[in-house]
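Asker: Chains A and B, in that order, give the protein sequences.
Residues 5 to 320 (our numbering) are what the first sequence spells out, left to right.
Residues 175 to 716 (our numbering) are what the second sequence spells out, left to right.
Be aware that a few hints might be false.
Partner residues aside, some chain B positions facing chain A, computed with beta carbon under 8 Å [what the hints assert, rightly or not]:
hint : residue
1    : G312
2    : D314
3    : F509
4    : I520
5    : H636
6    : Y706
7    : L709
If you're looking for bench data, these hints aren't it; they were derived computationally from the structure.
As the structure is a computational prediction, the values presented were derived from the model and not from experiment.
Don't be surprised by glycine CBs; every beta carbon is placed ideally from N, CA and C.
Each chain is listed here by its residues.
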Amino acid sequence: MPQAFPLFPQQASTVAPAVDHLFYFLTAVSVFFGTLIFLLIFYFAVKYRRRSTDEAPPRNQVINNIPLEVTWTVIPMILVAIMYFWGAKIFVSNATPPKDALEVFVIGKQWMWHVEHTNGKREINALHIPVGVPVKLTMTSQDVIHDFSVPAFRMKMDVVPDRYTTEWFEATTPGKYHLFCDQYCGMGHSLMAGWVYVMTAEDYQKWLNSGVSGVTMAEQGETLYHQYGCITCHGTGKGPAFVGLYGKPVKLSDGQTVIANDAYIRQSILDPSSQIVNGYPAIMPTFTGQVTEEQILQITAYIKSLASKERNLGTP
Amino acid sequence: MSSAEVAIEPRIHYLNVDYSIKSWLLTTDHKRIAWLYLMAITFFFTVGGVAATLMRLNLLEPQGLLVEPETYNKLFSIHGIIMVFLFLVPSIPVVLGNFLLPIMLGARDVAFPRLNLLSWYIFMTGGSLVLYAVIAGGVDTGWTFYTPLSSMYLNTHVMAAAGGIFIAGFSSILTGLNFVVTIHKMRAPGLTWFRLPLFIWSMYAASIIFIIGTPVVAISLALIIIEHFFHVGIFDPALGGDPVLFQHLFWFYSHPAVYVMILPSMGVISELITAFSKKKIFGYHFVAFSSIAIAAIGFLVWGHHMFVSGQSVYAGLVFSALSMAVAIPSAIKVFNWTATLYKGSISYEAPMLYALGFIGLFTIGGLTGLYLASIGLDQHVHDTYFVIAHFHYIMVGGAVMGYLGGIHYWWPKMTGRLYPDGWARVAAIIIFVGFNLTFFPQFVLGYLGMPRRYAVYPAEFHTLNVVSTAGASILGLGYIIPLIYLAWSARYGAPAGPNPWKATGLEWTTSSPPITHNFEETPVVTEEPYAYDRLAEEIQVA
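Pulled out of the complex, with its shape left as it was, chain A reads as follows:
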């Protein structure tokens, strides 16, 4: 039987109140104009109803009023401009994760969420995060397009194969919140749901360190660095070195300069010839089909861990 039900979603992130305020503003505008139109129609409909079937059509009809037309053009323009800039402000902030955000990696596949933390801890259809800390998700899909949506955070972003998308949020209230796949992804779409657990700092640390192998994502990446023979070139000077690379500009042979971020590293592994570093020969083979999305994330974590190290001879 139907049970007690909520009419408004929980607010559990820093952005949730901002989104809700915009929602209230739009609702106020909508209620005002909706009511205005309804009342006018109702009033006219009663006042000007045809009194008898042979009533003559009205004479001297008013059919144009330029000041009125201008008024009901300009007022909506001003209102939608406010809505636009308000929404844009939230969106730009949503698209700009803080530099110190806690990084978590998400891989979507039909029909489950695979989550990996930098210390190597993995979880399925669940995401544990600490309260009061900005969290940035770097996401990709192994098959079709999914969408990582947390209504209590007022946040979602598509999870697309062959590229990274990101979303970030800062949870404000410990608790358990719905995680949905919001982009239709085939048969089990509605089953691709889970929970986001927001924990206090101590609980989170306890959770993070329990039952973990002790091997971090970066360490797993280092193993792959040897296993796939990356070291043969990137550790010997035949290829570009990894130390101090992450986050820095890289000059390419075609004259472009790109930033060495997650997307750059991913593309360099899967399609090396598309971005040749200036001064190096185009000899690297593609690893498409050989490495999984998870392994790419681990190799990236390894390269990232080398970002702040000094370049010395002998290190990769």
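Start from chain A and add chain B according to the hints.
Answerer: Frame of chain A, contents of chain B only:
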């Protein structure tokens, strides 16, 4: 009206000129082709409606009342594909447009009558292929066919459905072409552009969208088929393609297609509001140009379907601004319709109830569109039931109400018979109430976060889903009643006479039903449309 002849003796008109099946299937009379389309899209509406009914029933229980998720996915895909491509997009243009456009222009037929018949056969071919896909096992991609789900991970009859839509698209293109040429070249003497009824303006805007937009959706569906059969990497990253490219191509058509659905309906509403308030339309030029503005800006807003697709932030901001801009011409229309009522002589026959219902529901649909255009807010409600509710307010509350209002308004012209207005009013009110009960709770569900296309859902969304399903059963009843009394009236209704509503417009100057060539003599137009004030003068003088 001088022509007071009411049913003299058996008169030859377009319906009784020939009763043979062949005379229908090979007709080039635009009025008969309109009937062929009316039969076809009523059938498709019924199929899509049955799918919707099963969906709503299934959602009575959080775990699904009737079917497995696999079947539910097929149901909403069938519902969307059939309702959008085989009902809403063609509806008003191919039925009311075909019937009325030449008559409103004072012409004998459309510019290319045989092409018009060919369009119907193309439409039926495409429609049959879609039905085949449904019967053969169904499609489970949704009506949006997002890649790579639709191209490489499919396990259903996506290719047949996509092929069917591809073919049916040519019917739209040819109809659009036919209408544009007809409006340009076949207007009666004296019928200048600004003497055209607003229905014609809206047909013109919709035709332009047909011609420019439909080829793009045809191309994108053809590319899916090519990728699937020949493994050419277009959308599937595993083959080197770009999955998001499909969304750009698809929405470049499918967003303007929304305006194809709503613009003709707006044209109908302009006719109804004037006829039943006996007023000239308020701000004719503003209403006419706002149709063109909506059609033009409508081509530049497709990216708002992709705010969370990973497209660039700047693209998102530009699409958000352009989407907001569509609200302006829409608001102008609503205000002008409302102002038209001012100091009118308003009566409440069924078509007028639909028209007033349209304004109310379209207002809600339009205002909630702003929530979705506002990009930061959209990031919360994107792909939730909020979107479902919004576009049903536009497409059902708007487009279908306009369609039904138009059918009721011109039914006496099409059949020469009157339907029972009491029943029609009851049905209009039932539809209005049922519609709101079905879709308003979905705004709440959406803001709560319930995703669209969910076969099973968390228990806290249960109550609102039950309310929505209750509303849907009322709405369904509301749709069945007109089917019955309209069919009844076609045979048993009282003779309508040429102008039962005492309305202006060329279509009301000819007999009901019209003769095959519409007019005994080519009419000459000497005044602006909706000249109800001139009628007032005449009555005054008399």
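Asker: Of the numbered hints stated previously, which ones are contradicted by the structure, given in increasing order?
Answerer: Those not satisfied come down to hint 1.
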